[in-house]
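The residues making up each chain are set out below.
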Amino acid sequence: MSFFERLQKGLILFDGAMGTQIHALQITEEEWAAHHGCPEILNLTAPQKIQRIHEAYLAAGADVIETNTFGANRIVLTEFDLQDRVEEINRAAAEIARQAADRFSDSKPRFVAGSIGPGTKLPSLGQVDFDTLYESYAAQARGLIQGGVDLFVIETCQDLLQIKAALTAVQDEMQRAGVHLPRAVTITVETTGTMLVGSDVSAALAALAPYELEIFGMNCATGPEAMRPFVKQICEAFPGVVMVQPNAGMPQMVDGHLVYTLSIEEYVTVLSSFIQEYGVKIVGGCCGTTPDFIRAMAERLPYLAAAERQPIFRPALASLFTAQEIRQDPPPFFVGERSNTNGSKQFRERLLAEDWDAIVEISREQERTGAHGLDLCVAYTGRDEVADMTRAVSRIVTQVNLPIFIDSTDVKVIEAALKLIGGRPVINSINLEDDEERAHRICRLAKRYGAALVSLTIDESGMAKTVEQKIAVAKRLYDIAVRQNGLRPYDLIFDPLTFTLGSGDETLRDAAIQTLEGIRRIKQELPGVFTLLGVSNISFGLNPESREVLNSVFLAEAVKAGLDAAIVNVKKIIPLYQIDAEDIRICLDLIYNRGETPLLDFIRHFEKRNGRGEEAAAEEPLSLEEKVKQHIIQGNRSGLEELLKAALAEHRAVDIINRWLIPAMKTVGDLFGAGKMQLPFVLQSAEAMKHAVGILEPFMEKSDVQTRTSLVLATVRGDVHDIGKNLVDIILSNNGFKVYNLGIKCEIDTMLQKADEVGADAIGMSGLLVKSTVVMKENLEVMRQRGYKIPVLLGGAALTRSYVDQVCSPILDAPVVYCEDAFEGLKVMNLLKEGKLSSLFGGGNKKEKRSESKPLMQEAEPLRFDHDIPVPPFWGSRVIEDIDLKTVFSFLTEPVLFRGRWGYRRGTLSREEYDRLIEEQVRPQFELLKEKCIAEKLLEPKVVYGYFPCNRQGDDVIIFDPKTDTEVLRFHFPRQKKPPYRSIADFFLPLESGRHDIMPMQIATVGSRASEYAQRLYENNAYKDYLLFHGLSVESAEALAEYWHKQIRLELNIAAEDGTTMEELVVQKYRGSRYSFGYPACPDLYGNRQIAQLLSPERIGVQLTEEDQMIPEQTTSAFIVHHPQAKYFSLE
Amino acid sequence: MEKFICTNCGYVYDPAQGDPENGIPPGTAFEDLPEDWICPVCYVGKDQFDPL
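First to last, the sequence lines map onto chains B and P.
Per my numbering, the first sequence starts with residue 1, numbered consecutively.
Per my numbering, the second sequence starts with residue 1133, numbered consecutively.
One chain only, chain B, in its complex shape (with noise of 0.2 Å):
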């Protein structure tokens, strides 16, 4: 069996520590052969002690043994002068681990992996080269495949280059020798979240993600619980098996000796853990572990399983510190373009000069005005090319916190950087200018160093400058990188060029249009890669005022059209709801070719222009408090956390929070409640604030944590929505309140056990159903008849003031207050805070206007039967899996979406206002939700369904057995008690007509992953992105009800009165009605119950709870009548 397909059979165990139990030997002066302190040396001198160690590991239960080779590279032999031995030793030692596990395969397959160590020296800091470095590990590698290792582990990786280098090295031995051998690697995370040179684990996935490791992990340093956060979140990112090796606990000096702490009980809990939650598949041990260690490990093993993981890979960049998702949310990704000799006299004075510290101040200078990359061109004609880049780069990467995309042409120069740059860097750029060969050689250097490429539509005729041009040489390009090359396609970044439309040239007057359709194309036909324009080059040769203006209009216009990045000058880019509605209206007549003469109306429109006043009053220097206070507001993460280390000099973290934070928070809560500010928006300011509190947390002492009013908060008994409750938690708990949050369907005994135990100043319900406003008033007798006088919050859907004011309030001895929305929520809690909350209820109860309206056609019409009874394809129930979710996509109400799930309310604003709110930022969001939902299939649409005959025998239908026609079950239509006094069995037939009717029923859901996935957005604090993904799987599950009821009456052949638009759908535009229960027809959820027993929903992943309500949250049931008077109408 080979290690791969060990691979795909369970849960594997690795071995303990080496370096340990070779400290325990009794080591010969002689078998040290003057090479004292290396333990690879033994490997020659002893070693049947060396197989002993793996004998006692391969006893204890390790499917896997590693070779003694952890520093067995030429880098570190060299030190023990054992330089020319490096291959011989790493034999050596593969064979020696190769005989041990050999005798113990009888019992289960065993396995021996080549140990690859990090060395001594951190090639990112300048202590080593790549080209030495890779030599040190490539003579490793060879000795260690000869030896007949059965895998590679690059292990306590410290550095990313160091990784790149031991990859290539690995790679290119395993071809050189003809063998195909799966790669570990698990890097190691130091006590301050990072690894030792400062990269985070989004900075190794992403820089490592190109290699297609077959295994990614952790090892080493801190101990198994420390490693926790890093372990879900590799387990949450990175595709393939994740591997775990911790310590025996953090390393403590006891009398002068390094100790290991931690038992072996908790060392076994944490790993099982690990395999359970996160979903682990391989455990081992590192330093201070032994065979008594894998020996408790292996028992427990056969009573695990790992659970089921669902990684989301995300394309993404990195500097050496961290990485940047290439899909930006807003669009785009900006990448800086002052780094460049050809592009900034500055830059390239500084460059003449060799000031590295200026240029280095340069790049720092743009990563501080939101640039997400930095473009770094050094050519200048006469120069070292090499030379320049390779001294800039290197102060770079260690200096500048953004991925570089190293702009230059020539081959030599852009190895030189790939060699130096540990993050995930892009290669900027190739073409078929020349011939296909330097291309050809500049794809291999993206595959071997793991870089992203930029491909201009530039070919052998020149540039592209039509659309079927572009496609053209993007399509040749896309080839030679992605079939050729074994690039993928979310590698490249097609820049299908921008020409400027200052210049007069006729011939240019429509290369806007062609370049937006170009980008349209290109996402259209090559599907999962990114485009990216120099957007500055639009308008070359215009006056600088009107420059900025174009080139703001041009680049919103091409993020419409799909653009993923742009490089550009980000501080001279303006939003565009700052610029004139003329300014914009002239710049599109420009750039869409509109009128006789549009570049001659754009300057002469712009030459009264004397720059932009707004510019001034943006200049001016704010104060460190109302920056931070800015970026609060704005939802604006990036270097905030800069700002309060500088605000940290002179301020006390609770300070900073109380008088700078908080308050900031209070204004955004201020344009809420206004209209001024619109859902997504407070959320990425509540996202800002908990980062920034974050960031400070560490900082406060423990005098300064302050007894917080807290609230527990709960969705009640029965009701599984826990969006509008999750709300409440998210602004409640970043304006500082202590929120105890007790999830969904919760009973009051649990939130009242919990009051007590916390102490809580208050208790909050939510719950979205009308069943749950008769359970918060069961709740409120409960805690009267206990006793209680803790006031409580109350919210929901279907929750009214008038009904906690009238029902709800007077039944509990303390203030009951209805909560509309999360800030009315914060408002009732501040007053509780401050002691003034009877103020609410001092004034006496707001006055419900109540109006007796009577309708004004009072006589509904008396129901007719002669129509036909239609005739279904089949009887009885189907499951349908394979729907298109585009499809269904095309069934959402978007306002509905917009307005109700995200809450991208009008308010206040012009309707002009709005459509551009839309425009710019709601609909670019929804079209890249609606692809990453498709592509890593976050939303799956399954559907049963079934045709049922029946008959109305007084205010029941009956169902029948279609097969036996003896009845099944019977649905209760509770009858109106107010004219027309009518009930959902009136439209069918009755069981005296002699025939029967027919009553279609569906099951619809878009599935559990969605649940799941939304829950993970929550726990990650990734509030917006909740909310919005929590909102489209919510509304896609209503498309999908609205799109099967639809495809019911093509199968019964009545959809001839169909309207055709969503806005008509809303409003029954079509012969019959669809009727869920729970709503005002037929309030009564059991009949749920009745449609789960007569479909078998479980067949489609939907449970019913016990309050007979369908699990996942993302699913609707309903029946249809197809009778052509019935439409909605309530009970009450």
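Hints in this document: simulated from the structure, not taken from any laboratory.
Don't be surprised by glycine CBs; every beta carbon is placed ideally from N, CA and C.
There is no bait here: all hints are sound.
Computed cross-link-like contacts, EDC-like style, restricted to lysine to aspartate or glutamate with a CA-CA straight-line distance of at most 16 Å:
1) Lys412(B) / Asp384(B)
2) Lys1178(P) / Asp1164(P)
3) Lys738(B) / Asp761(B)
4) Lys978(B) / Glu1153(P)
5) Lys1127(B) / Glu1153(P)
6) Lys886(B) / Glu940(B)
7) Lys108(B) / Glu5(B)
8) Lys1178(P) / Asp1146(P)
9) Lys930(B) / Asp884(B)
10) Lys1178(P) / Asp821(B)
11) Lys1135(P) / Glu1063(B)
12) Lys108(B) / Glu55(B)
13) Lys1178(P) / Glu820(B)
14) Lys1069(B) / Glu1057(B)
15) Lys412(B) / Glu437(B)
To give a feel for the contact side, a few chain B residues facing chain P, derived at Cβ under 10 Å:
16) Glu820
17) Thr893
18) Val896
19) Phe898
20) Arg905
21) Gly907
22) Arg911
23) Glu1063
24) Leu1065
25) Tyr1079
Counterexamples of contact, computed for chain B against chain P with all Cβ distances above 10 Å:
26) Met1
27) Leu122
28) Met174
29) Tyr211
30) Ser263
31) Glu277
32) Ala296
33) Ala305
34) Leu643
35) Glu881
36) Leu969
37) Gln1015
38) Arg1016
39) Asp1084
40) Pro1112
Once you have looked at the hints, place chain P on chain B.
Structure of chain P alone, referenced to chain B:
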């Protein structure tokens, strides 16, 4: 007079048509609807409506 849309279901209240089935004559501005008027399609309250 401005039209208003129900953010829960997408129904549009058009003042020119009113909501005769629920006693609202044509020509009634949204602002003049009684406070307890509800969406004729999905039954949520007035506060769930947004200017179109």
